[in-house]
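Residue numbers (numbering that gives the first Met the number 0), protein chains in the order written: chain A, 0 to 668; chain B, 0 to 328.
Honestly, the hints are just simulated from the structure, not real lab data.
Just so it is clear, CB atoms sit at the ideal spot from N, CA and C, and this is done for glycine as well.
It cannot be assumed that every hint is accurate.
Stated by the list, open to error - With a straight-line cut-off of 25 Å between C-alpha atoms, the simulated BS3-like cross-links for lysine-lysine are: (1) B:26 with A:428; (2) A:422 with B:26; (3) A:247 with A:117.
Said to hold, decoys possible - To give an idea of the interface, some chain B residues facing chain A are shown, with a C-beta separation under 7 Å as derived from the structure: (4) 40; (5) 231; (6) 266.
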Amino acid sequence: MIYVRESHVEKMGKTQDVSYEILNVLEFNSTRKRQSVVCRYRDGRLVLFCKGADTVIYERLGTGNGDLNKVTRVHLEQFGSAGLRTLCLAYRDLAPDLYESWNEKFITAKSSLRDREKRLDEVAELIEKEFILIGATAIEDKLQEGVPNCIQTLSRAGIKIWVLTGDKIETAINIAYACNLLNNEMKQFIISSETDAIREVEERGDQTEIARFMKEEVKKQLKQFLDEAPQYFCSPSGPKLALVIDGKCLMYALEPSLRIMLLTLSLNCSSVVCCRVSPLQKAQVTSLVKKGARKITLSIGDGANDVSMIQAAHIGIGISGLEGMQAVMASDFAIAQFRFLEDLLLVHGRWSYIRLCKVVMYFFYKNLAFTLTQFWFTFGTGFSGQRFYDDWFQSLYNVIFTALPVVIVGLFDQDISSSLSKKYPELYKEGVRNMFFNRRVVAIWACFAVYQSLVFFYFVSLSSSTSRDSDGKMFGLWDVSTMAFTCVVVTVNLRLLMMCNSITRWHYISVGGSIIVWFVFIFIYSGIMTRFDRNDNMFWVIYVLMSTSYFYVTLLLVPVAALLGDFLYLGVQRWFFPYDYQIVQESHKDDADSINKPDSQETKEHLTPDEARSNEISQLPKEVSKHSGFAFDSPGYESFFATQFGKYVPPKAWDVARRASMKSKSKPK
Amino acid sequence: MDTDRERHRARETAFYLFTQQSLPACKPVLTPGWVIAIFLFMGVIFIPVGLISLRASHCVVEIVDRYDIDCVPEPSRMDKVSYIQDDSIPKNCSHFMKYINPSWIDAEVNSYSLQMYVKSRSDKQLLDGQKYHDTSSCQPVESNNNRPIVPCGLIAWSLFNDTFEFIREGAELKVNRKNIAWKSDRGHKFGKNVYPFNFQNGTLIGGGKLNPEIPLSDQEDLIVWMRTSALPSFRKLYGRIEEDLDVDDVVVVNLMNNYNTYSFGGKKKLVLSTSSWLGGKNDFLGHACVFVGCSSLTLAIIFMLLHVKYRRPYGDMSYLPWNRKSFSG
Chain A
0 MIYVRESHVE KMGKTQDVSY EILNVLEFNS TRKRQSVVCR YRDGRLVLFC KGADTVIYER
60 LGTGNGDLNK VTRVHLEQFG SAGLRTLCLA YRDLAPDLYE SWNEKFITAK SSLRDREKRL
120 DEVAELIEKE FILIGATAIE DKLQEGVPNC IQTLSRAGIK IWVLTGDKIE TAINIAYACN
180 LLNNEMKQFI ISSETDAIRE VEERGDQTEI ARFMKEEVKK QLKQFLDEAP QYFCSPSGPK
240 LALVIDGKCL MYALEPSLRI MLLTLSLNCS SVVCCRVSPL QKAQVTSLVK KGARKITLSI
300 GDGANDVSMI QAAHIGIGIS GLEGMQAVMA SDFAIAQFRF LEDLLLVHGR WSYIRLCKVV
360 MYFFYKNLAF TLTQFWFTFG TGFSGQRFYD DWFQSLYNVI FTALPVVIVG LFDQDISSSL
420 SKKYPELYKE GVRNMFFNRR VVAIWACFAV YQSLVFFYFV SLSSSTSRDS DGKMFGLWDV
480 STMAFTCVVV TVNLRLLMMC NSITRWHYIS VGGSIIVWFV FIFIYSGIMT RFDRNDNMFW
540 VIYVLMSTSY FYVTLLLVPV AALLGDFLYL GVQRWFFPYD YQIVQESHKD DADSINKPDS
600 QETKEHLTPD EARSNEISQL PKEVSKHSGF AFDSPGYESF FATQFGKYVP PKAWDVARRA
660 SMKSKSKPK
Chain B
0 MDTDRERHRA RETAFYLFTQ QSLPACKPVL TPGWVIAIFL FMGVIFIPVG LISLRASHCV
60 VEIVDRYDID CVPEPSRMDK VSYIQDDSIP KNCSHFMKYI NPSWIDAEVN SYSLQMYVKS
120 RSDKQLLDGQ KYHDTSSCQP VESNNNRPIV PCGLIAWSLF NDTFEFIREG AELKVNRKNI
180 AWKSDRGHKF GKNVYPFNFQ NGTLIGGGKL NPEIPLSDQE DLIVWMRTSA LPSFRKLYGR
240 IEEDLDVDDV VVVNLMNNYN TYSFGGKKKL VLSTSSWLGG KNDFLGHACV FVGCSSLTLA
300 IIFMLLHVKY RRPYGDMSYL PWNRKSFSG
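Bound conformation, chain B alone:
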C-alpha cells in the first residue's frame, strides 16, 4: 500500500535515523583475536622504528666535558662565587678533548629555575626597540637610571658569556657562529633596526655584554639564549665546526670561564656532538620505541597462552548471572 511505502521511505531519511537513535554504527567488540592481533601489529611496527632511532642516535658522537670546576684555579676553589665575580682576574682556561668526528658544539647549563625568568622579556621590544614603551613584563630588569634597557628582561640580562676557541694541531678551527638560531626567530622576532642600548650598565652584571653596533637580528647568541628551554638542565647551540675532524684528533679548547653558575649551584659543560636526521644523541626515543614494541609482543604471547589455557566460551549466555542462578534453582 502507498502509506507503507511512504512510511518506509520516511524511515530512510537521515533525520529520522538521527532522532530515532538508529544511526548506522559499527559496534566494535574487542575479541581476544583482535587484542592479540593489535599487540602483534604494534610490536611489528615499533621494534623496527625503535631500532632505526637507536641506530641514528648511536651514530651521533657526543663528548661531554664538565669544565666549571676544573677551570677555577686551585686557590679559589673554596669560594667560586667571588672568583667569578671578580673582574680583575683573567678567566682563561685550557682543556684537552679527544674527539671522534664531532661537529657541533653545545654549551650545557644545569639547574635553572624558571618562572619569572621566562616571563621577564618583552618580545615587542625586541622587534621595535626603544619605540616600544610598555616593557612592564621585563621586571625587574626594565630600566636603569631612568633610561630603558634594550633588550630588557632577566633572560637577556643573564646572557651566557663563556667563549670557546678550538685549536687542532696548532691551527685554529673555524667555528661558524652564524645560523645557530631558528630562522623564524632571526627573521621575525628580533628587529633589524634595533640596537642594544644601556645594556648591562647596572651594578649587578648578570652575564655577557652586547656589541651596541650590531642589530639584534644579527646577535645570534642573544637569539639562541632568548629561546627559553623546557627543563632546568638544558643545552644551547654555541656554534658549528665545519671542518671534518678525524678520529683520534686531539683538540685544545681555550675557554673564558665568565659565566657565573656558582651562585646557584649550577654546572656548566661543553658538549661536542654530531647530529643525525633525528637530531643529537638521545637514546630515549629509540629505547622507548623498542620497549613499547617488545612489551607488545610479550603481551601478545601471554594473551595467546592464556587464551589457549583458560578459554572462556565466547558469547556463552550461560555465564550471565541470571542464567547461572537458574542452575541452582
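Same shape as in the complex, but just chain A:
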C-alpha cells in the first residue's frame, strides 16, 4: 500500500493522501527497456502503468488517439535536440478476470527455477500491450562539471575519444556538441536506422527482409564514407572527420564482413559517437578496437550497463556514486567524477610510466656495473672462476646496499608538477611513443655500465698493484675487492641522484643511508670473527684499508671518474637534444613552489561569473537526497535553495514554459 499526496489543478493548494495498492511490479531491464506496475485504486479499478523508452512504448500503443501520439513524438524530438533524456508514460485498464489469469502465470514465472528472466519477460509481454499514451517526460541529465574541458585536454594529449551511449541519436549528438567532440566544422558521417527508407521496410514487417535491407544499407553507407574520407585526409588543414552510428546499424556493421570497413573508417575519424547501443554492443565495439586496431583502450562508465564495456577494454574505469556501484566493482580504477580522468591519465599515468622506466633501467644498470667488474677480473685469473667479491657482498648488494633508493625514486619521482602536466597534455605523447624505454635508451645505459665497470676494476686494481701502506705492506685480493665494492656502492647510489628529476628528503635519507649501511656492515663484518665462518678472508679488511691514505684518494677519484661519462652525456643531451618535458621544466624552473596551496585559492581570481556562481551554489548547504544523481534534478530545485540564500539563478527555459502554462490554466478561476 502506498500513499500519494495528490493535489489537483482545480483544487490548487489543497492536498490529500490517496492510497493505492501495488499488486505487481514488473522490473526494469535493459532488454525490455521499460518497467511497469499494476495497482489497484481505492475504488477497485485495476490499472497497469508503464514507463519506458519511447520506441518500446510506441510499439505497444493501442489504436486510437493518433493525434496525441503524433504530437508527443514531435515533442520528443524537440526534447532530444535540447539534450534531454526522454521517457514515455502509458497506462492500461485491466479487467479483473484478465488480471487474475495473468497473475497466475506471473506467479509461476516468478517462482520458476530455470530461465526466470526469460519467463518473466514473456509474461510481461502478455500484458504490456494496448497502452494508452499519457505523455512524455524529459529530464536534463547534466554533464558533470569539467567534462568538456577534460575531453578537450585529453584529445590534445593524443587520446581519441568515442562516446557509446544508450540515448537517442539527437541526444547523443547534442551531448557530443556540448563536450566539444563534434563541432560544425567537422565533416560528420551519419549512419542511422531512422531514415524513411528503412522505416518503410520496417512497416512491412517481414523480419528477414528488414535484416537484409538494413545490412545492404549499412554496407552501402560505409563504402560511401570510406571512399569520401581520403579526400579530407590529404589536406592537413581540412576538416576533421566524425562518425555517428546507430545501435541497429551497428549490429550489422559489427558482423565479420563489414567489421573491417567500420574499423578503418572509425580510426580515421577524430571522434565517433554511437547511440542507442546496448551493453553488449558497447563491449563489442571496445573489443573491435582493442583487437583490430591493436591500440590501448580505456573505457569509463558509471552504470550497470557499462560493466561489460569496462571489462572488455584494457583498462576499465568506473565512476562511483551516480548510478550505483556495479561499474566501480567491475573496474580496474574507480574515480569519483569524470574530470578526475584527466588527473589519472595525464598526471599519475605519465608519472607512473616515467618512474617505471627509470626503476627498470636503473636496476639493470646497477647490476650490470657490479657484475661486469667480476667479469674483467676473470681475465686476470685465467678464467678459473675465482670470485672477486665476497659472497656476502654479492648477496646483500641488491638487498641492502642499493635497494631502498630506487624504491624511493619509483614512489616519488616527478618530472614536472601535476598542474604543469595538465597544462601541457601533449607531454603525454612521450609515453605513447615509448620514448624512455626503447632500444636506444637501453643501449646507452648498458654502454655506461660497461664503462663504469672498467673504471671500477682497472682503476682499483692497477693502483693497488704496488704497496699501499707507508710501511710497505701489500694489499691482498680481499682488500682490493672491498675497495672496489665500496666504490661501486658509492657510485651507483650517486648515479641514482643524478637521474632524479625531483629530490625529496627521502632520497637523501635513502642514498646516504645505503652508503652508511654499507660502512656499518663492513665494519661489523670484518671486525668479527666467529667460529662459524668458513673462512676469515675479510677479517679486518676495512680497517686495514682505512688506515692508508690510498683509500681516501681512490674513494674520491673512482666515483668521479666513473660518473664523468654519465654527467657529460646528461649535459649534452639536455642541451642539444632536449626532451619535451625538459623544455617545460626549464621554462617553469623559477615558478614558486605552490604545492601546499589548494587549487581553489590559486584560481580564485580567474573565475568567470558563471563559474563563480556555481562555486557559490555548490557551497550552499544541500538536502541530501537518496537519488544523488543529476538525472533526478527537477528544474526548480536549484533556484529554490538559491533564492532562500539570496543568490540568483536564472530559471531554465522549460521551467518558465511550464509555469506559464500552469498560470494560464489557473487563470480562469
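Got chain A sorted already, so can you dock chain B onto it with the hints?
Frame of chain A, contents of chain B only:
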C-alpha cells in the same frame, strides 16, 4: 570558516603530503651554467690532488731487477724446470744492484692463476692447529700419509722460498724480517700455539719448508704469503732494510734461487723501493687524477665555447614540437 582552517591544517601534515605526492622537493634542472661550473670545480680539485699524488709517487725510488733468468747457470738455461727441481745443485746467485735510497724489498712474482689456489686454505686450522679437523677446503694438500698437514692447502704449500742477503761495501745489511705482515693477520688469524706439522713431507715439494718449532703467528713469511693477492702479477714484502743507504751505493745481493716459477712460465723479480705516505711507486693514481682534472677543464672550456656559439634560448617554449608545428599550420 573553521572547516577551511581545519582542511588547511590537515594539508600540512607529513602523511597528507606523502600520500598526495606533494612532498617538498628540490627539482634540480641541469642548466648549462651548472654543467660548466661542475666541470671547472672538478678540474680545480683533481689537478692538485693528482699532482700531489704524482709527487708522492716520484719521490719513491724503485729498482726492479729480474733475476730468474740470470740466476740459472748457462748450461741449464734450456731446461730450467729440472734445474730448479734438482735438490743437489746449489742455487746461489750474486747480483749487483745500484741503489738510490731504497729501503724496502719486495719480491715480485708474475703469472699465477688463482681460483682453486685461493680457496685452498683453512683459516680455522691456522688458528687452531691440529685441533681443527674440517680441513676439506684445503684440497688437494690436506693430509699426507693419513696425518694432517698444518698449515694445509695449496697456498701454504707453495710458499715462496727464495732468500736474499744484502752486502754493502763488504758489510752485511741488516734486513728486518719482522713486522712485514698486517697486524691483524699476525694477531688474529694465525694461532700462537700452532706449529707446522707434517709440512712439505710429500713427494711433490711446492715451495719452502717451515721451521716446526716456531709458532705460526711468528712465521711472517707464511703470513705474508697467505694473504692472496688480486692480480696474477703481484708483490710480497720480503723485509725492511733499516739503514739509510746513500746515493750511488752499490749493493751486492746474494740470493738463493729456489722457487720454481719456471714450470708455469712465471717471472721473478726483486724490487727495492722506498715508500711514501701514499705507498709504493705507483703513478697510476696520480696520472688518473690529473687526467680527470684536465679533461674536466677541457670539457668546461668546450662547453663554454659551444654555449656562446649555439645558444639555445633557455626554456623557450617555441621549441616544443606542438608549438613548432603550429607555425607551419
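Do the hints match the structure? See the list:
1. B:26 with A:428: 23 Å, holds
2. A:422 with B:26: Status holds; Cα separation ~18 Å.
3. A:247 with A:117: It holds: about 22 Å lies between the C-alpha atoms, which stays within 25 Å.
4. 40: Interface hint status for residue 40 (chain B): violated (11 Å vs cutoff 7 Å).
5. 231: With a minimum Cβ separation of about 5 Å from chain A (threshold 7 Å), the hint on residue 231 (chain B) holds.
6. 266: 14 Å, violated
This entry does not satisfy hints 4, 6, going by the numbered hints stated previously.
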